[in-house]
Amino acid sequence: MSSGKRRNPLGLSLPPTVNEQSECGEAAAEEATATVPLEEQLKKLGLTEPQTQRLSEFLLAKEGIKELSEDMLQTEGELGHGNGGVVNKCVHKKTGVIMARKLVHLEIKPSVRQQIVKELAVLHKCNSPFIVGFYGAFVDNNDISICMEYMDGLSLDIVLKKVGRLPEKFVGRISVAVVRGLTYLKDEIKILHRDVKPSNMLVNSNGEIKLCDFGVSGMLIDSMANSFVGTRSYMAPERLTGSHYTISSDIWSFGLSLVELLIGRYPVPAPSQAEYATMFNVSENEIELADTLEEATYHAPSNPASMAIFEMLDYIVNGPPPTLPKRFFTDEVIGFVSKCLRKLPSERATLKSLTSDVFFTQYADSDDQGEFADFVKGTLNLPKLNP
Amino acid sequence: MSDEKKKKRWGKSRISDESTENFSKIFRFSLMSQTSFLSWRRSSTGGSISRTSTSSATTSSIFTPAFPLNHNFNNNKSQNQKTSTTSALPSGSYDPPASAPARIPVIHSLVKSKSKFRQCDVCERYFIFDFVRRQHSDDVFACSVCGIRVHKACMQQLGDDCFVTSEVIRQVVEKAIEQNNKQKWEAVEATPPSNRVIVTSPTECSIENLASLQQLPECSEDWQKSVHKSGSFNNNLPVTPRMATTTMTATSTMEDVRTLEDVTYHSEYENTSDDYEKELMQWRDITIQLSDVHVKGRIGDGRFGTVHIAEYHGDAAVKFVNMNYLKEEAERMDVFTQEIVTAYKNSRHEHIALFYGYVVDPPTNTYAIVTNFYQHKTLYHRIHEATEDYEQSWTFQISLQICQAMSYLHRRKILHRDLRSKNILLDNPNRVVVADFALMKLERLAHPKRDYTLCIPNHWLDYLAPEVASYLILDSRGEFMLQEELPFTGDTDVYSFGTIFYELLLRRMPTGCDSWEQKLYAKMSGQKATLQIRFDPKLHELLMSCWATTAEKRPTFAYIVKRITSMMPRNKESAKAKRRSTAHENPLF
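In order, the protein sequences belong to chains Z and R.
Using our numbering, you'd call the opening residue of the first sequence number 1 and step up by one each time.
Using our numbering, you'd call the opening residue of the second sequence number 1 and step up by one each time.
Among these hints, one or two may not hold up.
[To be verified] Computed cross-link-like contacts, BS3-like style, restricted to lysine-lysine with a CA-CA straight-line distance of at most 30 Å:
1. Z:Lys161 / R:Lys327
2. R:Lys327 / Z:Lys162
3. R:Lys377 / Z:Lys118
4. R:Lys538 / R:Lys562
5. R:Lys413 / R:Lys152
6. R:Lys327 / Z:Lys384
7. R:Lys296 / Z:Lys109
8. R:Lys377 / Z:Lys109
9. R:Lys345 / R:Lys327
10. Z:Lys118 / Z:Lys190
11. R:Lys553 / R:Lys528
12. Z:Lys43 / Z:Lys190
13. R:Lys441 / R:Lys377
14. Z:Lys161 / R:Lys449
15. Z:Lys162 / R:Lys449
16. R:Lys413 / R:Lys345
17. R:Lys449 / Z:Lys384
18. R:Lys441 / Z:Lys384
19. R:Lys327 / R:Lys152
20. Z:Lys89 / R:Lys327
21. Z:Lys339 / Z:Lys186
22. Z:Lys109 / R:Lys449
23. Z:Lys190 / Z:Lys66
24. R:Lys449 / Z:Lys377
25. Z:Lys384 / Z:Lys161
26. R:Lys441 / Z:Lys161
27. R:Lys449 / Z:Lys89
28. R:Lys528 / Z:Lys343
29. Z:Lys343 / Z:Lys326
It is worth saying that the hints were derived from the structure and are not from the lab.
Just chain Z, with the same shape it has in the complex:
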């Protein structure tokens, strides 16, 4: 999650913000996006009727809001912690629109804050059914507020905590939405997501799946008052060792997220046969781990229960990539994730090749008759499971 505009004191040559021009031919053509009328834009996306309708509804609501400020909003409760700040549920007093507001605490000069708000304005351009809508951003004291579309199903990591793990058909839906969302960001907005993970995939009771928290403002990240250390990393191995960020890194994160959604556990280090056995409630010898392309010469830490963060990172770099056990999942999905989870970026699938994958097309072309929407509705009032 970054842009090339940051200071780079080490003199490392980070790649330019968008490094994928080579892959997609239409790099320069999109400068005119802002001027193209909205209807045309929507048409171009090739959306279905309900998608177009919802998007226009959102844009209509947004038009009524215009400029935002602190006193226009009424906070209604905490939704969770995002990267860098708390996310609250808010109501826009005048129009009654419900939105999610992310508060990011900054420690910088006011001028820089305004600059960040400007950088965030690129979010206004993101009109896609797979990207969380953006109402606006404003600065209040030392905090910057980013107001986004409220997704009542919250993020997939919260859903996962409620249901344990997701059935393959829903993961199929999610894959389609995420791939389309990433494609939209890359082709239309010319940015990489840089932070694909279940907690950045939001769902709502209409059955929509949208991406949020992508790296539009490098300055925002630079000026956040606090940094983080996580317990789980979705970062691709080549990124950990310091290589350039490309779309392939997003694909790895996407693949890792899918595995997590399917097995209900962060897949690093890879679960053992015994763990899979308890997971699926079968005896150990029924578990057949998928073949890994690399040889399993890596010795996992003896006690994964108390793994140091560093060991986890080391496992991503040097260990075998996560896989799905056979028999409990279809060959299609096993093939799909293993294409995403190649350790060498050059061997990894691209967004384009994923769209032609059997697993993808199977879900992309079919309508689920509101099944996923019902599933999300069902999770709304569930309490979190204890892992």
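Put chain R on the given structure of chain Z with help from the hints.
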């Protein structure tokens, strides 16, 4: 209280022969009429702890089963007369048991106690220290009869000498005398010290009385039995204060017993209050009332609290420390005072932020450190945000000051744990002070709780020694393991200084805008930023030694001070110029 102290105290109250005589008259009278007392010395292996205990009883005829000691009263009396004027051993029908642990086991009826602001009567440590440091976080036990307080671990060393102290006997006797011989008492009142004559030298006195007890072994047996039955170390059993049993045997003494108990607690308090107060005074000196500090405005935010500028007899910086990670209010206060304030309290060094005092106000959840206000912002600001250039000599000067302060802190066994350029303040452009130490804690970092992430101060990972970073461990639920505290040592502070040194030399952080994963991976796989070729190889060597992966290979701050001093340009002219510039900065020079 040690022997010595006691003697001093009693020594003051030695009285003239005249008053002795006076007193002995009264005393004789009172003794004859009603009181008998004894006191004996705790037979612990000698050492500094000597505790005199006394029992008292009233009307001997009723009390006989419990206190068959009044046969002795003549003996007692004569001894007391003697001890009041001479230190020679009294001539009695016994040999004083010099080391013999002769005693009657009167077992304390110990119950769990919560009192923290007291000392252990055996090891003389304040309980509060143990509560906070959890060194031997025993429970505190207090005797429900005599009020003695001990650690669980100290219980074994506690003699079976439950009963009132020498102070009590005084009061009991006084009381008895007062009641029985008011007029004469009043006459004696004119010479106040006389009332202490009985126990002028508690040691001697106790030996005598102890001996007197020994002389009557068969009589004391009954009493012992009753004590054994009632007094118990076992908390599961219903604890009957022994007094109750005594009362059963001597029903009519109920009232006296009550007064005795009152006296016991009262006198116990008096005994310890001197020392306690002394200790309290030390804390009071640095306690600042919340109302005395007038907060003017916020000047900074840290991960662990906010800093405000305030009016406290001039400008002061008040750091409000967030203690919310602890649920219990009492614990917040204890941890705050014992872990944080204690570190600040005794640090006096030119390059350490001048500590004014601390504010504790539990009702408003306020825990604050008040220090001098340093108006030139942080070293971080000077290096990374200010645009003015600085010379390498300034770099040396600043590094030297930091190292001197750190070497001082380490000498005092205080670890900084969070040495960063943001925690170093500029007093004037050429002088820095180290601040914000002793705050870093994993528990604190983990609050407020977030799923799968730990909110850390910016650039924290750059300062974090690899051996500490390797202690960021996941538990079985994939969350941070918070049970174990991060293993900060003096060497980890040296590592952090290495990063500051790098910042000073190159005016940038050793890692750029990388994510935490990249920073951590690079750190753990031994990748380090290096100095460019234009720098003196000695500097590079020093930096790398601070950043050594093995903690043992890192130098101490004292060594770094020497190294930097040897590298500093030894130009007298420039030194003079510097002094002049300081003088210019500070009109007091």
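Hint by hint, here is what the structure shows:
Annotation: proposed proximity of Lys161 (chain Z) to Lys327 (chain R) holds, straight-line Cα distance about 26 Å (limit 30 Å). Pair hint Lys327 (chain R) plus Lys162 (chain Z) holds up; C-alpha atoms about 28 Å apart against a cutoff of 30 Å. Pair hint Lys377 (chain R) plus Lys118 (chain Z) holds up; C-alpha atoms about 29 Å apart against a cutoff of 30 Å. A threshold of 30 Å between alpha carbons decides the hint, and for Lys538 (chain R) with Lys562 (chain R) the separation of about 13 Å falls inside it, so the pair holds.
In summary, the hint linking Lys413 (chain R) to Lys152 (chain R) is supported, as the alpha carbons are separated by about 28 Å, within the 30 Å threshold. For the given pair, Lys327 (chain R) sits about 23 Å from Lys384 (chain Z) by alpha-carbon distance, which is consistent with the 30 Å threshold. A distance of roughly 20 Å separates the Cα atoms of Lys296 (chain R) and Lys109 (chain Z); the hinted pair therefore holds under the 30 Å criterion. A C-alpha spacing of about 15 Å is found between Lys377 (chain R) and Lys109 (chain Z), which places the hinted pair at or below 30 Å, so the restraint holds.
At roughly 25 Å between alpha-carbon atoms, Lys345 (chain R) and Lys327 (chain R) fall within 30 Å of each other, so this suggested pair holds. Restraint check for Lys118 (chain Z) and Lys190 (chain Z): satisfied, since their Cα atoms lie roughly 17 Å apart, inside the 30 Å limit. A hinted pair counts as satisfied when its Cα atoms are at most 30 Å apart, and Lys553 (chain R) with Lys528 (chain R) qualifies at roughly 16 Å. Restraint check for Lys43 (chain Z) and Lys190 (chain Z): satisfied, since their Cα atoms lie roughly 19 Å apart, inside the 30 Å limit.
Restraint check: the Cα-Cα separation between Lys441 (chain R) and Lys377 (chain R) comes to about 24 Å, which is no more than 30 Å; the hinted pair holds. Distance restraint check for Lys161 (chain Z) and Lys449 (chain R): the Cα-Cα separation of roughly 17 Å lies within the 30 Å cut-off, and the hinted pair is therefore satisfied. Restraint check for Lys162 (chain Z) and Lys449 (chain R): the C-alpha separation of about 19 Å stays at or below 30 Å, so the hint holds. Straight-line distance between C-alpha atoms of Lys413 (chain R) and Lys345 (chain R) comes to about 13 Å, which keeps the hinted pair within the 30 Å bound.
At most 30 Å may separate the alpha-carbon atoms for a hinted pair to count; Lys449 (chain R) and Lys384 (chain Z) meet this at roughly 16 Å. For the given pair, Lys441 (chain R) sits about 29 Å from Lys384 (chain Z) by alpha-carbon distance, which is consistent with the 30 Å threshold. With a C-alpha separation of about 26 Å, the suggested pairing of Lys327 (chain R) with Lys152 (chain R) holds against the 30 Å cut-off. With a C-alpha separation of about 27 Å, the suggested pairing of Lys89 (chain Z) with Lys327 (chain R) holds against the 30 Å cut-off.
Between the alpha carbons of Lys339 (chain Z) and Lys186 (chain Z) the distance comes to roughly 20 Å, so the proposed pair stays at or under 30 Å and holds. As the CA atoms of Lys109 (chain Z) and Lys449 (chain R) are separated by approximately 28 Å, the hinted pair is consistent with the 30 Å bound. Straight-line distance between C-alpha atoms of Lys190 (chain Z) and Lys66 (chain Z) comes to about 25 Å, which keeps the hinted pair within the 30 Å bound. Simply put, Lys449 (chain R) and Lys377 (chain Z) have alpha-carbon atoms about 27 Å apart, close enough for the 30 Å limit, and the pair holds.
Restraint check for Lys384 (chain Z) and Lys161 (chain Z): the C-alpha separation of about 5 Å stays at or below 30 Å, so the hint holds. Between Lys441 (chain R) and Lys161 (chain Z), the direct Cα distance comes to roughly 29 Å. Compliance with the 30 Å bound is thereby established for this hinted pair. A hinted pair counts as satisfied when its Cα atoms are at most 30 Å apart, and Lys449 (chain R) with Lys89 (chain Z) qualifies at roughly 19 Å. Of the pairs offered as hints, the one joining Lys528 (chain R) and Lys343 (chain Z) holds, with about 25 Å between alpha carbons and a cut-off of 30 Å not exceeded.
Proposed proximity of Lys343 (chain Z) and Lys326 (chain Z) is supported: the alpha carbons are some 20 Å apart, at most 30 Å.
The structure fails none of the hints (numbered hints given earlier).
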